[in-house]
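2 protein chains.
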Amino acid sequence: MKGFAYFLVAVVTLTGVVYMAQAFGRSDREADPVFGITIPPGYRDWKLISVAHEEGNLNDLRALLGNDVAINAYREGKLPFPDGTIIARLAWSYVPSEENNKVFGRAQSFVPGPTTNVQFMVKDSKKYAATGGWGFAQFKEGKSSGAALLKTCFPCHEPVKARDFVFTHYAP
Amino acid sequence: MKGFAYFLVAVVTLTGVVYMAQAFGRSDREADPVFGITIPPGYRDWKLISVAHEEGNLNDLRALLGNDVAINAYREGKLPFPDGTIIARLAWSYVPSEENNKVFGRAQSFVPGPTTNVQFMVKDSKKYAATGGWGFAQFKEGKSSGAALLKTCFPCHEPVKARDFVFTHYAP
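Chains as they are written, first to last, in the working numbering: chain A, 1 to 172; chain B, 1 to 172.
Worth flagging that the hints you see were computed from the coordinates, not collected in a lab.
A hint or two may mislead.
[Stated by the list, open to error] PhoX-like cross-link-like pairs, simulated, lysine-lysine; straight-line CA separation at most 25 angstroms:
| # | chain 1 | residue 1 | chain 2 | residue 2 |
| --- | --- | --- | --- | --- |
| 1 | B | Lys126 | B | Lys78 |
| 2 | B | Lys143 | B | Lys127 |
| 3 | B | Lys161 | B | Lys151 |
| 4 | A | Lys78 | A | Lys140 |
| 5 | B | Lys161 | A | Lys102 |
| 6 | A | Lys126 | A | Lys161 |
| 7 | A | Lys47 | A | Lys78 |
| 8 | B | Lys127 | B | Lys102 |
| 9 | B | Lys151 | A | Lys102 |
| 10 | A | Lys140 | A | Lys47 |
| 11 | A | Lys143 | A | Lys127 |
| 12 | B | Lys47 | A | Lys47 |
| 13 | B | Lys47 | B | Lys143 |
| 14 | B | Lys127 | B | Lys151 |
| 15 | B | Lys47 | A | Lys140 |
| 16 | B | Lys47 | B | Lys78 |
| 17 | B | Lys126 | B | Lys161 |
| 18 | B | Lys127 | B | Lys78 |
| 19 | A | Lys78 | B | Lys47 |
| 20 | A | Lys47 | B | Lys102 |
| 21 | A | Lys161 | B | Lys102 |
| 22 | B | Lys78 | B | Lys161 |
| 23 | A | Lys151 | B | Lys102 |
| 24 | A | Lys47 | B | Lys151 |
[Said to hold, decoys possible] On the chain A side, residues computed to face chain B include the following (Cβ under 7 angstroms):
| # | residue |
| --- | --- |
| 25 | Asp45 |
| 26 | Asn100 |
| 27 | Ala171 |
Remember, it's a predicted structure, so these values are computed and weren't measured experimentally.
Glycine is no exception: its CB is placed at the ideal position from the N, C-alpha and C atoms.
With these hints in hand, go ahead and build the complete structure from the sequences.
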């Protein structure tokens, strides 16, 4: 009887572990429907390429991070970017910081509000030959933003063909 | 005679190497005159804490990077920050991006211009007990911005004592 109780506990535990693994796997692993890109594990730990503020409809503060292939290419001024390059664009809504402004005595400090979405550019000159060698992805809360949006990425990046379709410069 | 020529080349080369090592060492190693902080090697490779835009006299785009002690403390919500924490604040002048705006068809994109200066907060609760456990440093092109400026750091950070004197929140 005691053996059976242990067995039951083991089955329940194992079921839980498998379920959680699937659940986490599902949210992290949804591929974008055009380029088949999934969120790269550990991208939040990548090194900084640059930052920016976009006004207009975007109205965000953003940080560009790169995997090691990206960072090395940027620092060496290597163009085109080599296969394996991944550039991550994080963005947060652009909000005034009331606590900072109180200290400065005026409204001057703007900081990240909630995350808007995260984008990736993945270089694979063969797989993505039709779009300049780049795959594009955008995720909001782990879910792809869908095919209609992704088809607008490459046309927008085309004007910066001379910089291998990448807008962002490295900020020293 | 051939041997002597090799010897001469070796001496000249070695002199050059020693000179360059000293020159690089000198610019990287100037300590700030109040807290004795030098620029931490490799800080540009540290992980991202957050970004911000400051208007007014500062008029910059900035990125906050942290060493591993800082990043772990932020992610675990650990306060006060443990000894060994270093927070780096990079900043660049806030400039419109003409090349981006041409693509968007309107003035909306602001990007980093030239570097303004780099600041560091270093946690050592014993050494810097008189200033909340933090040492403060600012460098411009490798040179400390001087004692008068550094004495203004702690008074400005005092209002955020409840967050261990650190303004910046972690941006997920």
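Original post:
Which of the numbered hints are not met once you compare them with the structure shown?
Top reply: When the structure is compared with the hints, numbers 4, 8, 20 and 24 turn out to be violated.
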